[in-house]
Structure formats: C-alpha cells, structure tokens
Amino acid sequence: MALLEARRVTKVFGGLVAVSAVDLSVGERTVASLIGPNGAGKTTFFNCLTGLYRPEEGEIRFNGQPMIGLRPDQIVAAGMARTYQNIRLFGSMTVLENILVGQHVRLRSTPLGAIFQTPFTRREEEQAERRARELLAFVGLSGKGDLTARNLPYGDQRLLEVARALGSSPRMLLLDEPAAGMNPRETDGMLRLIRRLRDELEMTILLIEHDMKVVMSISDQVTVLDYGKKIAEGQPAAVRSDPLVIEAYLGSGMLEGHSKLT
Amino acid sequence: MRQKWQIAGLFLLLAGCAAPAPAPQTAAEVAPAAEEAAPAAEEAASAQVVIAPGQTIRIGGSFALTGPIPDPGKDIRQAAEIAVDELNAAGGIDGFLFELVAEDGACSGDQGTVVGNKFAADSTIVAVSGGTCSGETFGLKPILQRARIPFVSPSATNPDVVDAECDVCNRVALSDALQGQVDADFVFNQLGLRKVAVMHDNSDYGKGLAEIFQNAMVALGGEATAFEGVQVGDTDFRAALAKIGAGQPELIFFGGYSTEAALIAQQMKETAGLENARFMSDDGAYTQQYLQAAGAAAEGTYMSFVAGDAQAEKLAAFTEAYVAKFGVEPSQLGPFHGQSYDSIQLIADAIRRVAQPDDSGNLVIDREALIAAIRSTAGLAGITGTLTCDELGECGAGGVQIFTVENGAFKQVAGFGM
Amino acid sequence: MQFAGMALQPLKAVRIYCEIRVMVKTPSFPTLVRLRQASAVRWWVRLLGVVLLLLLAWRVAVVGLAEGYPASFWISQTLNGLVLGGVYALIALGYTLVYGILLMINFAHGDVMMIGGFTGFFALQLWIGVGWLDGSALWVVLALVLTVVAGMLGSVLAGITLERVAYRPLRGAPRLVPLISAIGASLFLQYSVLLIFGVTPRAYTRPALIEGGFRAGDIFVPYTGIIIFIVSLLLMLALYLIVQRSKLGRAMRAVAEDKSTAALMGINVDQVIVFTFILGSALAGAGGVLLGFHNTVVKFNSGFIPGLKAFTAAVLGGIGNIPGAMVGALLLGLIEALGPSALGIPTEYKDIIAFSVLVLILIFRPSGLLGEVLSEKKA
Amino acid sequence: MGMLAARHGLRTGALAFVLLTYLTLIGLPGRLADLAMPVLAGVAAIFFWLVLRRNPQLGGIYGSLGGTALWAGLLAGGFYAVLTAFFAGLLANGVRVQLVFDKIVPQNLAALYAVMPGALLSGELSPVGWLRQVGLLGLAGVAAALLVAGERWLRRRELPPLAALRWLPLLLPFVLLAAVIGLGSPAVTFGGNNQGTIRLLLAMLAVGSGIFAARAVRPGGARRVLWALLAAALVGLPFLLDQFQNSVMGIVFIFVMMGLGLNIVVGFAGLLDLGYVAFFAIGAYVYAFLAAPFSSPWLIAQLQGWGLPVSGPLVSFWLALPLTMVAAGLGGLLLGIPVLRLRGDYLAIVTLGFGEIIRLFMLNLAELTNGPRGLLNIAPPTVGGYSLGNPRDIFLLALAGAALIALVANRLDGSRLGRAWVAMREDEDVAQATGIHLVYTKLMAFAIGALFAGLAGQLYAARQTNIFPENFSLFVSIDALSLVIVGGMGSIPGVVLGALALKGLPEVLRGVDEYRIVTFAALLVIMMIVRPQGILPSLRRGRELQEQGGSRADQPSVLETLPDNAGGSPLAQKER
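Residue numbers (my numbering), protein chains in the order written: chain A, 1 to 262; chain B, 1 to 418; chain C, 1 to 379; chain D, 1 to 576.
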C-alpha cells in the first residue's frame, strides 16, 4: 500500500482553481517528483498535504490515516515533514537549535520538568542534542552546530532545512525545490543526500524540482502538473517523452525546461 | 549555556536570602550612618535631632511637582519657600536657619512612599510639610508614623488623611467632609434646588467629595438624579451629559479638578435638559485655569473653597514677597499657597517651642516633644486664620466659602466670612 | 508635488502598479494559514458570536430601553456619537496612513495633533489681537481658515522633525524598536509642551459665527460638531483619492509594498515617507485645531487619550485601510455615546465597552472590519 | 576657513541654537542660577564635539575643523544673544511673556546674564551680558575642536595594550561596594546633603558593573568564584543601605520581577504586550483582597454573611502567594485565548485595551475595590511575628523573587518550550509546520508571564500597604516594556540593568524632578537609535538585530565538498 494517498485534491483561491482534482500516490521508500511550469500549483499542493491549506475537496491519507482537518503540527507528528522553496530557517538560532526545534514533536518534557530540571528532562535533552549532532553529521554539517543559522552559506542552509525536517523523525519528507539556486557541484551533493535519505534512512521522498537533471536522475516516479491539473504521471523516461508535457512546457514558454527535457 | 552560570549565582543569592538573617549583622555595624537611621534596626530614628552650629533646621516638603496637578503643587512649594525665607530673615531660631528640602511627591502613592522613605532615612529632617494630594499623603503616612516625623499637609483633604491612630498626621487643609456638607446645604437651602446630578472625575478626591455631597443632599431631602464618573484627560463629556440631561436635574455638582470642570460647564450648555441647569464644583476647580478654560460658560457657576480666615495684611505682604521672588501672582497657579505658608509657620512655631540649645552650642530638638507640640498648637496667627490643632490633627482655620463667577472673576456669595 | 523618479519614468510607475496587482492577487502564505484555521473553528466562533449578540440584545431590551429615554435622547446621543467619531476619524486617518506606508505605529501621532492645537491657539490669539475676529464674517472665516492652516503647519513641522530624528534612523529595525522610539517621542512632546507652555489649559475663543448650534426640539448639535464631521468625511475622501488615484499615492503604495523594489524603480523612498508624514501630520493639525474649537481646551496631554482612542478606531476598522479608519472611528464614537445608556450601565464603563467591542470584533475579524487580507501579512 | 567650514559651521551652529533655545524655554537656566551660561556653553561644547567628530572630512585645528567649530560657536552665540535680548526687552517693557512661554520669567532670564531679576526688569542690561553669551559659546566651539583634534591625535598613536590590567574592571563592583560602605561610615562626610543619594547611585553602579563583570569572565572556576562573591555582595547590600536607598532598590527589583515576566512574553515569545500591567494589578488586588478585606465594602458584607471576622487579613502573605499567582495566571489565559489569532500590532492594541479594562474595573467596581480610594492597610509579610514590611526586607524579598524568576526564566529559555517560543517569534507559520502547537505555546507564554507579574504585584501591594487604581496605569506597562527593551530584549541580566537605569536612576536624579520625564523620553529615543539591541543584549537577540545577509552567499557550501558517504551514517546504522 502506498504511504501517501491523495485523491481528487482541489484547492480554490477566490475564482482561481489552484489545484484541481489531483490524485497522487507515493509508495514507501520511493522518490517521487512533482514537476510543472511556474504557477502550476505544485507548492499549493504541498501546502495542502502539510496542512497549511485546507483543500475544498478531496481526501489525503497518510499511512492509512486521513490528514485533512489536522493542523500542520499534527501532520508533522503523524510523520510528514517538509522544507521550503525560499529557505525559512530560524535565522537567529544556532544550527543545533534549529534541529532541536525540528525534534519538538518527538520530545515529551514539560515546562515544569524544565523548571525543576527533572532527570527525565535532562536525559531527554541530552539525547535530543546527541541526535541533533548525528543528524548534522548525516547531512554533512558536523562541527557547525554552534554557528548562527543565518550566517551559514546558502547551500548549507538548504542542508540544515533538511536536517531540521529530519529532526521530527518523519516517514516522509517533502522537499520544495531542494536544489534551487545551487551550482552544479552543490546540486550533485544534494542528489547524493536525497539518495542516502531513501536508501539509508528508508525514507519516502516527495520533491518539487525545476532542475530536470535532478528530477530525471533521482526519481522513481514523476508527476506533472499544469494549471492545477495532473497531465502526466509515470516513470521519468515515459514522462519525458509525453507530448502533453512537452506542450505544457513549450506552451508556457519554458524553452529552457524543454531543452533539458530532450 | 553561559547564562546558566549567572543564574546559578542568582540562585546562590536566593539561598543566601533564605538563610537566617542575623549573619550579616556585622555589615550593619559597619554602616551605622552618622546622618542616617541605622537601617538594620527598626526604622525609628534617634529620639533627638541635634543641629550643630552652622547647620540648618531641615524641613522636608512633599510637593506634587509632576503628575496631574503640577501647577498647584508648584504654588504650594513656592509658598513654602517664601515662608522659609521669612523665617530666616527674622533670624531663624537662635541663629539657626531653616532649610526646605523639597521633593516631588507627584501626587501619587508610589512617589509618596519613596519620598517618605527618603525623609525617614535622613535623620536631619525634623518635620515635613505635605503631601499635596491625598494619595501621596497616604504613601507618606505609615512611613513617617514609624519614623516619628510629624507632617502637616497643606492640601490633602481626604477625610482619612488624619485619624486617631496617627499622632504625626496633621493638616491645615479642611476635610472634604465639611466642604461637601456646606455645598449641599447651600444648594438646598440658599439656591432652593432639589434635583441634582452628581459627577466626579474618578480620583479619590473628586469621587469622595461627590459622594459626601450626594449623601448630604439626600439627607436634606433632595434628590440625586444621577451619579456619573468621567475620566481625567477625556475632553468630550457630551454623551455622559446627555444621559444626565434625561433626568432633568436643576444643578450638576462636579467633584474634580479645573480642566474637566471647565469642559463640563461648557458642554452642559449644549445639552438637552441642561440648558438651564446650574453648575457647581469644588476647591479643585477654584482656580484661574477654570476661569480661562470655561470662558463665558463660567459665568454664574458656583465654586466652593475651603478658605482660611484670610488675614488681609498678612496675605498682602505674602503676595508681595511671592511676586517679587517668582514674578507671578500665587493665585495664578493654585489655591493652596496660604495653607502651605501656614503649614511651615506651624511647624516652625512648634520647633521654636521645643528646641533647646545644649552645652556645646548645638540645637537639640526632641522628636516626641515636637510631635506633641504640633498637636498642641493653639491660637497661632497665620495667613489663613488662627490655627488651632484638635486631637485628630485638624489644624485648619476658616471654613467653606461659596463663590460664583461674575464678569470673569470669582465673587463670594455665601459661606464663611460673610 | 512631484517626485523626479516618477515624473521622468511614467512607465515604471505603471509597472509597479502591475506588480502590486500581482502581489494582491496571489494570497500570501501566512494569510492562508489563517484562512485554513479559521475554517476549522469558524462554526464555534459563529455560534459564540450569535450567543453574544443575543445576550446584548436581551440586555438592551430589558434594561436599556426600559429606562424610558425619549426618542430625542437616542437621536442626540447618536449625533453625539457621530461627532465624537468624526474627531477620532481625524486622528485615526493619520495613524492609518503612516501605518499603511511604514507599517509602524506612530504612537506620537496624538501628540502631533496636540502641537497643532497649540499652534492654532497662538495663531488665533494673534488674529484676535489684530482684531480680525471682530470684523465682518469674511474676516472671521479668513481667520478661522488661517488658524487651521497654522495648526497644520505646526503639526507638519513636528511630524517631519519626528520622522527625521526619531524614526528615519530606525528604518529596517525590528518592529518593536520604532515603537519604543515613538513612545519616547510621545512622552517627549507631551512633557516638552508642559515645560515650555505650562500646565494651564489654553482656551480657544469661539467666534460668534461658529458658536451655538443646530437645534430641533430637544436635539442639539453644535456647529463645531457638524464641521468636524463634514471635514473628516472630506479629508477621508481626499486622502483616499490621493492614495488610490494620484501618481504620488501609487508611489506611496509601492513603498508600502516593498521599499527596496520601489527604490529600484526610481522612487525616492525618503521623499515618499516624508510626504506621508506631511500628509498625516497636516490631517492631525487640522484635527487639533477643530478639536480646539469644539472642546475649547488644549493642554499638554490633550492629544494622548484621543490618540489612543483613534488608534483603537484605526485597528477596529482595519489598520492601513483608509475607509476602515473612518468606519472604525464612527463605530467607536457611537459605541461610546450609545453603549452605556443602551446597556443601562454608568458612563464610566464606556471605555470598557469600547475596548471589549474591539476585542470581540478582532476575534471574529482578526484584521479589523475592513482590513484587507494584505494588511494581515504586514501585521 | 573656506566655504566648507562656513557651511558646516552654519548648520551646526543653527542646530546648537535650537538646542539652546529648547533648554531655555523649558526653564533650565533658572534652575542653574549663576552657572546657567557656563553650563549651557558646556552643553553646546558637547554637542559640537559629537557633531564634529562624526565628520572626518574636516581638517586640522587651524583648518576647516577649527573654522567650523568657531563659526558654529559664534553663530549659536550670536543668535542666542539676539534671542535673550528679545525676551529681555519684552520683559523689561512689561510684556508678560510667560503667558505664552511658561518659563520665560525674569528669574530664569536673569540667570543667563548672571544678574538679579530686578536689574533685568529695569532694562539695565549692559552689552557685556550679550558679549559674554557670544564669547562663551564661541569658546565652546573652540573647546570642541580641541577635543576632536586631541582625540584624533590619541588615536593615531596607539597605546601599548595594557593586557595585564584587563582584570581591573572586574574589581569595579567591589570597589564601588567599598565606597558604599565607606560613605556610610560616620567618619566620611562627602557631598553634604546628597550623600545618601550618592551612595544610592554607587550601590546601583555596583550592581550594574557586577553584572557586566559576570558576563565578561569566561565560564569556569574563576567565574564561579566571582559569582559567589557578587551574590554575597548583593545579599549584603540591603544591610548596608539605609531606608530610602533600600526602598528605591526595592521598587527597582519589583520591576525586575515584572520585567523578567514581560521578557518571557515579549523577549522570548515575541508577543508584543502593552497591557502587562493588568496582571501586576491582578496580583496586587487579589493580595489586597486577601490581606485587607476590611477595605472592600462587598467583601465585608460577604464575610459578615458567613460569620467570619473582618478585622484582619484572611491569609498570610505566604499562603496568598500561590493564590495571587494562580489568579494572575488565569488572567493571562483569559487574555491569551481571544488574542490567539492576532498578530503584531493588533495584538499590541488589544493587550493595551485589556490593561485599560482591568484598570477601569478596579476604578469603577467600587463595591469590591473601593474605587479610586483604593484598598488601605494591606498587611506586610511576616515571619514568626516579625514584620517584613520595612524597606530592607522588601528589598530582600524582591531580590529573592527576582532570583527565583530569573532562574525559572533561564531554565525555560533553554528548554523545549523556550525553543518553541523563539521559533514562533521568528516565523509563526514555519514553527507550526515544524510541529509546534501554537495555541499551547502562546498560552504558556501569556500565563507564565502573567504569573510572574502577579507575584511582583503582590509584593508591590505589600510594599505600598495602600493601593489605588492609579498605580496601575498604562505608564506602568510602558515602563516595564521600556526596561526590557533598554536592557536588551530576551536578556535576563539586561532586565536588571534596564530596571536600574529606568526605575533607579530617576530617583537619583530627583533634584531635577520636573525634567525627569523629558530626559527619560529623550533617552528612550536616543537609545533606540544608538543601541537598539539594548545595553546588554541576549546573544540570540543580538544576532537577530545584526545586519542580515552578510557574507553567507560568498562562502562555499559543504555540499560542494561532500564526499559520497559523508561522515559515515551513524543514524542509518542505528535505525537498522
């Protein structure tokens, strides 16, 4: 059974149908990609999945549980974590603290516990910190834990977002354009990281990406949105040659995208 | 992480506080100040004030120099300065001159507490004139009572400022209880009005007076159609007045200060049901500011004032000295300069009676004797009349006067002295 | 007044305009978070609202109306409320304008108004000294207009000084920093005026022309009140047109949207902000003088409480929204005038009623009555 | 002295003239008496110095620097002489200038000429008076130029680093403390009647410098020793000070307690609360109801109805503690619930309204609260029959309370909840999408902040013994907020410094009473411009206030150098 099952998800803003009856199912331990021209509704769909928007219609099931109507924090607790297209770290916190915030839903200590520094709280904090350092090492940021998040280089900030999302020990990770704004070498690093997420951490990954090289080289499954509708789905190779997809990219003037497609 | 240690330190400190108190007494021994009451002990200052030759007899003053009524407070302070100047020009006491230690009581209980503690900590303070406002005086009262420093308030009119328990509390102002009674009597008997509406500014002074007036009115057989409060600082009272107007009162009584009184006097003229109603207010509004701010609307309104038995020549001499020193008529600022002047004179008179020179040429003032001496003041001639203190510490002379406004000036129509 | 950048490159202005349109059309991320949550609790909130309204209606019917005030009473209270609302509107417009452009609460705005009141007072004294107020109606009108102009000049001077000294160096700082600076500026203005001009309230002399009022039976509205109401309506309209229709208004909106982009488009951001302050302060100055004629008294702190109320009104209507400020102000005025009588409680409670209504309205409409979704993003 | 000097001089001189005019109009000269002109010249010199040193393009003392300064000084002096001559002329001709400018009375103006007011009124002013004004201000300009030149000279030749003496500042708190003790001994008479005030100032400086010293040392053994010494000194302080000094320190530390609570709401959680006084008031009034039920008509009736005595307190101070805190905490929840969905400025105005509502209820519910006449004769805390109502004990209690709150606040700051607060402050939406329950987190901030304010309120009521609604005005909220911000938002030691600066210093400056508020207001503005992060910012807030951006884009990311299997994968192994 698929881990994430979305059926006929529809989101309307005023008169504009941003996402129209989109079905999507992502199997466990796969990397699925969501592509489409600008304004196709990819991020809106993401926001519906993570509970930031409430879709007007449709059903979203994660791990068999209905997700619609849950708050974003409840969805994180259910095991779905995300990153953002424009990096949104807690800039004034240290790198380590960012990951600790990411672990919030997995920690149980109470304010009273913190005030009295109960053994449980102390133990939990120690474990959380250790885990945060492990996550840092995993994404390759070890030794940078005490830096201020804002002062990290751009690529590292992207990594930190991933690490923060990993903090909540998710089963599924939603990455919104993880390679945006990166140079080719950085993109390669990110690709390797995503593979390791899937292979080593057994994580399911849904990503939005513009860079076709990334999409095609990593995805097990590609879904194409245009004007809020799903126009194609399948193996990367099949989608690449789908005339509807080519049309969508050409029609919207994304020649650049097309050239990468062919 | 760094803060953890700081906090650990603070916690240490907390532990220190919890420890039994006697330990740091060595510290207290280091600091038994020459001029300050030993702080560790109970606050009682030494029983006597010893003034060495060349030093001054220091009288504290708690004046409302900031806060809601700075002008009357300034007036009170300046009048006190005139009184001190005059005492010193007359040679002081055996060559010991007086000094006024003015502090800002800001018309608030908060500042009253601070000022009270400042005076109590200063063992050279002999007595205090003040505070200006009742709330401020409530702040001073418990502290000065413990420190055994007598005070004489020129203008705190709340009935509770003096009481049987407090032997250092005195005032030359007259209690609001008296004013409210006389006002009601004037309205009921002389103006012959029965239906009144009562307003106040929600200050302890204004509301207290308004209640006394209302109760007195009802006791006489009158009727109070409304009892409404306003907020100091508001400028539009038309809605409250419209509500009052619905009850068709013959007179509005307002307990509060001049700005709000002036605005009410003006805006009631525009309100249905109040076109012909009269307006009366209290000594807080008996000021030049009221006349200026209310303008034509002030004509025919009534003000009461708890006046002294004004001693014309003394007052004239005082006014002359005041204008010479400050360049302004005292009545421009506020109504309580006479009381302020007298409070200093009363204190000085009591000091003169108890001060004793000792062998080494110092002047010695016994605190308990001074407290008793102020209470036993009798027949002292001041600007506001002949001052005699009763067993509660009410030393004021005179009585309530009722004024009306005619051609932009106050004119007495009833009450004390007529 | 023209700004070089805008005048030389009209095309750019159009492009900014289009950009703004795009930004308005695409709902921003946080706004939508709130929309989603709102739907989750909407049902409960509505139920609560209905219950509250029923309770209020019950209270009004049982207590308020039972007091048996005549109809004329309710009419005059309504008129009182509208006039009071007009006064609040005069100040609230300035608040909302500055907020809309700079996203900062100009806490000292009420005190800028007070400065205008003082300047107007001294100008009026001058005209009286010259004898204009004793002259023909024409001279009196001239004197009145010049008094208002003087008040506006005084306020504008205070406003631009404030902007230059206390706000401009803080542009781009976190929101709390300019707010604290504004609180400091407010206290500074108040207590400087107290020290310089003394505590004595200054009393405006009303010329016979505007003394008295309109009377019909038991209903009476002072002329000053009518003037205030009309002027505030006109000023609101003028302001709305300036912001919505003029080139300058477009520049102002561009600055509001994104200062750095606006600067890239050739807009002189400093000039636009100064102009915003000039506009807001001029409104406040006019308000100060009119209020002086209406209530006849100006004092060092006479801007503080009206300023606070006006700020409340601006938030009530949706801060940053010009018609909203007007609506909020009128509503607040009406509530203050009618509320206590209608609910049968003492007038002392009028501020409690006013603030409670504010809280309630914000619960149901978190961005105020007419607040745009956009303003929430900024808030 | 070319055009540059003239232009700069003209502008600087004009600004100085405005400043001097302001100082004259607010009546400063009258307060300074004969010293008026020299002091004003001193102020002008400082002003010139501040302006000139910021202008590096001005050359040497004989060049444009000196020229500018001279121009500015003479210009300001010239204008000023004309102004005073104008006013003097008006006064001499019997015009009552004070009808417009309250402080322009003969006494004040005469001080500028160092003559008696009578001489001024009779118009016997000689040109010497005006020349003196011009001369002194010109001199001020020259002095400022010399200062700037001297400063530059010093900066050019760097002094050898006095590394060996770096630990000296750490001694400062102890030196100051020694001075406090010394000034208290009978043998020392210094400063005459102001000795007590000077001691107070020194004591406050000792506490403040102690905090700086504690921050300056690296964590470790030395720091612990220093901390122990400082803590001991702080506990000893109440026993060194007299009643007035203790009473001021008491109110300072009550505000520290309040500031620490507000710091949680504003500094940690980023919720701008302008009505914080409400919880302070709730704490004070609840304690007053419990400790002085005989002041409240309604309570008297109730108690009599139940047949209980009404003459004394219902419960002791210590038993009341949990009750007031719970009441205030509930108040926090009550405020918190309706404002959950509001942000930023909407939140600010609603909280402001809430504070006013509480105050107005205190004022108008006269049956319960005795209205504006307040609740009187509130019992002070007692221990075994010994009353702790005197200023020293209140100071000690406030110290203990502040220490307790600081401890709690610090622990919360580093906890899960504290991180959630900061995350929420920075980006509410992302915080939620990272798993933070916003409702709970916000309500906790409001409730915990309110709890501490309630505690402070109770101590305040016990200190005052009489409380009135006027004690809980909007200005208390503004004071509390200002001290948090001046101290440094989110910073616990900063709150102490802020309270010392904003609540303590005004008491030291009592001599200039009427200028207190303008000075304070001006300081607030200047502070925001010069040092918005506060005197002692928290490390995190300090970072937040740094310029954004910086060099991050220029640095290479680790991604570029990431090996295929970076750092092994301890995680992966563990989870298998």
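Everything labelled a hint here was simulated from the structure, so no lab data went into it. Check each hint, because a few of them may be wrong.
[Said to hold, decoys possible] Simulated DEER-style distance windows between Cβ atoms:
1. Gly233(B) <-> Leu340(D): 53 to 63 Å
2. Ala90(B) <-> Gly150(D): 20 to 30 Å
3. Ala14(D) <-> Leu264(C): 32 to 42 Å
4. Ser136(C) <-> Ala14(D): 39 to 49 Å
5. Pro357(B) <-> Ala119(D): 35 to 45 Å
6. Val45(C) <-> Gly181(A): 14 to 24 Å
By construction, the Cβ of each residue, glycine as well, lies at the ideal position given by its N, Cα and C atoms.
Okay, the hints, checked on the actual structure:
1. Gly233(B) <-> Leu340(D): 53 to 63 Å: violated (32 Å)
2. Ala90(B) <-> Gly150(D): 20 to 30 Å: Given a distance of about 54 Å, which is not inside 20 to 30 Å, the answer is violated.
3. Ala14(D) <-> Leu264(C): 32 to 42 Å: holds (35 Å)
4. Ser136(C) <-> Ala14(D): 39 to 49 Å: holds (42 Å)
5. Pro357(B) <-> Ala119(D): 35 to 45 Å: holds (40 Å)
6. Val45(C) <-> Gly181(A): 14 to 24 Å: Hint violated: Cβ distance 41 Å, outside 14 to 24 Å.
Consistency with the previously given hints fails for numbers 1, 2 and 6, ordered from lowest to highest.
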